[in-house]
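Using the hints provided, position chains B and C relative to the given structure of chain A.
Now for the letters of each chain:
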Amino acid sequence: MRRAPLLIAMLAAALAWPIAEQFLPGSWSVLDAVKSIFIFAILGLALNAVTGFAGILNLGIAAFMAIGAYAFAILTNDLYPFQIGFWPAILLTLPIGALAGFLLGAPTLGLRGDYLAIVTLGFGEIVQDVLKNLDSITLGTQGINPLPAPVVPWWKPGEDGQGGGLGLVDLAEETQGAGPLLSYYLFLAFVVVAWLVFRNLERSRVGRAWMSLRSDELASRSMGIPPVRTKMLAFATAAAFAAFAGGLWASWLSSTGEPANYDFQISILALCIVIVGGMGSIAGVLVGALVMIGVNSIVLVKLFEWLQSKGLGASGSVFVSPNSWKYLLFGLALVLMMRFKPDGLVPASGRGERKPSGGRS
Amino acid sequence: MRSAPSIRRPTCVLSMLLVTSPVVAQNQLKIVSSLPRTGSANAQTTTMVNGIRMAIDEVGGKVDGFEILYEDMDDASPQRGNWDPAVEGQNANKAAKDPLVVGYIGTFNSGAAKIAMPILNRAGCVMISPANTYPGLTKPGFGEKNEPKVYRPSGKVNYFRVVPTDDLQGVVAADWAKELGATKAFVLHDRELYGKGIADVFEKRAKEIGLAIVEVEGIDPKAANYRSLVTKIKATGADFVYFGGTTQNNAGQIAKDLRSGGVVAPLMVPDGCFEDAFIEAAGAANLNGKTYVTFGGLPADQLTGKGQVFRENYRAKYGTDPEAYAVYGYEAARVLLDAIDRAEAKDRASILAAVAATRDFQGALGTWSFDENGDTTNRTMSGQAVIDGKFVFQKVLGR
Amino acid sequence: MEFTSAEVFAQQVLNGLSNGMIIALIALGYTMVYGIIELINWAHGDLFMLGGFLALTILGALGLEEASGPMAVVAVLVILAASAGFCGTLNVLADRIAYRPLRRAPKVSLLVTAIGVSFIFVNLGLFWGGVPMEVFSGGIAAAAPKDFPALVPSRNLLGTDDGVGFTLRDLLVVVVTLPLMLGLWWLVARTRLGKAMRATAQNPTAARLMGIDVDRVIGSTFFLGGALAGFASVVYALYNNTIGFQMGYRAGMDAFTAAVLGGIGSLPGAVLGGLLIGLIRAMSDQYLEARWTNALVFAILILILVFRPSGLLGMKQREKV
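Chains as they are written, first to last, in my numbering: chain A, 200 to 560; chain B, 691 to 1089; chain C, 19 to 339.
If we strip away everything but chain A, and leave its shape as in the complex, we get:
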């Protein structure tokens, strides 16, 4: 497979992009949209562990993202007693997410396929309602804000512009100068770390157990792989990284947003990233995030900007307003991609061969 060169090329492009952007007109700046690609890439990698590796359809990954975001917020915001700062809080989202995954998974992971899928979907709805209704803790629909941005060691100018040295730079304050670039590269580093974690997991004993469960539960059971415990590990790992993505997301927006921001549509988007990219393929997930979020927050946005500059959509009728075509384009893109690339854009190795006909696999 040509996946290693692809990954290296993507990494190189991600590293070089901010520099290249300097030579483009200001309105071409897409650093923020790219950050959102990074966050969804981590979410996609998380979902891929449970759905791609272990073959468990999870329709509620957004719930764990919400748990991570709110945990991060409660641990850092000044309305709460903790205020432990960015780094401790973002690291704590991992065990908190894993715990939530464990609590949901323990009683339900024995369920088969689509029954488990609706349990995860239902969990997603329950988490949203709980966050919304327990407003004495979560502030309900208010959202918790502001939230801290990362603090990183970097060159700090001295008091009066003289001297200076290595110091801690709060990226929230650094909206000019190197700030945006530092936070861009930091987010990229998070993606790389997540990628390495999942790549090593994939190649480990656990990863092989997941994939063996996915392809044949009966056979793997008879070979001594405990199905529920193995699935639990996948489920909890996914939950942990989804929570981490949620914490990053909240930090990036400096707000949790409202609970409805973590609804089923986010879970669906994450699922589309995994499937469109190629289920079980780490490179695929990264491509999936790039395509899905890129199309949505960069290509469509630029296209509509351009259409608007040509005077389209000024009359206010639903048919000529470019925005009212978004669902259609998004849906069509999904249908076409699945039609021509049913195994995803970058299929996982060993998944290329087709299952026998009839849909029952």
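Honestly, the hints are just simulated from the structure, not real lab data.
No experiment lies behind these values; they were computed from the predicted model shown.
Simulated crosslink set (DSBU-like; lysine-lysine; CA at most 30 Å straight-line): (1) K894/B - K839/B; (2) K501/A - K787/B; (3) K540/A - K125/C.
Per the computed footprint, the stretches of chain B lying under chain A, defined by three or more beta-carbons under 8 Å from a beta-carbon of chain A, are: (4) 780-788; (5) 797-807.
Beta carbons: idealized from backbone N, C-alpha and C, even for Gly.
Then chains B and C, alone, in the frame of chain A:
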């Protein structure tokens, strides 16, 4: 904007790359709006954008020799079908970085404003909302204890709004309800920032003035119907129903189910339902004579002077009467254009100062000013009833 | 308050059953398609939504918005037939164009295709609301909810205004839904087509070897499932008097939940699941708090699945190889 002379290596290398932004065309300024244009709020935001476009067209797309560009940004995404925090953040960042942008009209949802405000505040860019009513965005003591200063990291006020806030509207709504003869009210809300916020104020005020609240229920805005809730309301014998929420969050269905479920108590709703779509969704027969709507401002047909002109021009341009929201969009754009005209230098700082200095503005909503928090001093509220399938102005509230 | 607590309870049971029957009708179409190709047909709810728009368009085009008496009956029959035919055909088209080429692809790819189709349908619904017709208020506010004419009045058949209400609309739900359910049961259990469907559901390869035209059987299933969505949309619209381009989301979610609760692929299970969800919602609104209703439905669903892993009436899982 603040200049940054104190940057040292290695930041310097990076920032040199940053400041080599391309040459911008002279004599152009840009206004952007960021409103949810995909999904259910599209109906209201279309009328707002119509209002904004009209205001720009009225000055011929030029102010003081500067060409005014306008971009209608969408802060919703198709997957969400509603405002999307990531998109709002991107819009705000994009506007902040674009040196041409001198004004940001938005947002529609107060939740979205919470995300955009600090970003634009750091960039020193004016933000004028045609729709946010959550008091905590501007008023100390009305929201969480860290509000509104968390939205002003630079310490300066850059956020303004042309609509009166929920803490005013909820109060006049409760007063009016009592005046209409309510003794026991059942309060519903859509569990969103706007709807719950205004319902909370209604409830608090009602208790102060001796209007009993039998129960408060948060509805599921996506439910097919509210028959079970209506049965519950009927069983409590409430003689008045207040719904804090919007047309998209199923206000029409609530009205229908109340009537078909045999509840005769009047229904009162806030300005999130003050649009023809509410009457159309509910069916006029279910509203006539027993539905009251409060609104922060005067309805179009009560406006005199500039407001009346606005109404006629709007009808000529778009073929329909303006909805309540259209005026807000129009007014936000007008006050911004006016400030651009008054500003000496056409940069963000001068324009921000000019907007903040807006006093006795002769607008379509009457004559008003911005106070030190960025709120409009226009506190004229009106109450309307639905009669024969139309909103009919009843009285001025809260004076 | 003449409304005694016993009356309140009875009324809530009625509310729950009426809503539950509508959910059940949508869930039937869902579960049929699932049963035969294991597709979680995410577009089913949005197909249902388009059925409602077609019904409203027909009423507007024929000037039947104000119909009453016998004319109203005719109008209801016309839109029932039209929406059923339309949704059935559209479902078959979706299968032909989008799903059939993916028969051999992984199941989740099919799910993503269905999600894509669902987005396309939602957009069509948005555009449909923008059609400049009187019934869409001239199409000015495309996204706004649309009022659906009250062809069936909410007259209480039990007489008084104060007591328990069983309205003409509740009757309509029963009159349309029950025969459909019975007919469907008969079709699947007793006819040749039904037999072929069951055979295909059990083992498509074997069915093909036995000379069953599997594609045709799948097509027929899509048509029937779609037609049920069409019927459901008209019942829903007449019962609630509102349609909107986003109503398919909740309808689809409820139907999916009902189908799983009852045991996915099981027709009586879908009906039972739908009725249960309706009842839980009504009881929660009355005796708990409305804001917890949605969470409660899913919490009960998860609890039931923990104790009955194949749903209430689901078959014991066949071990897959």
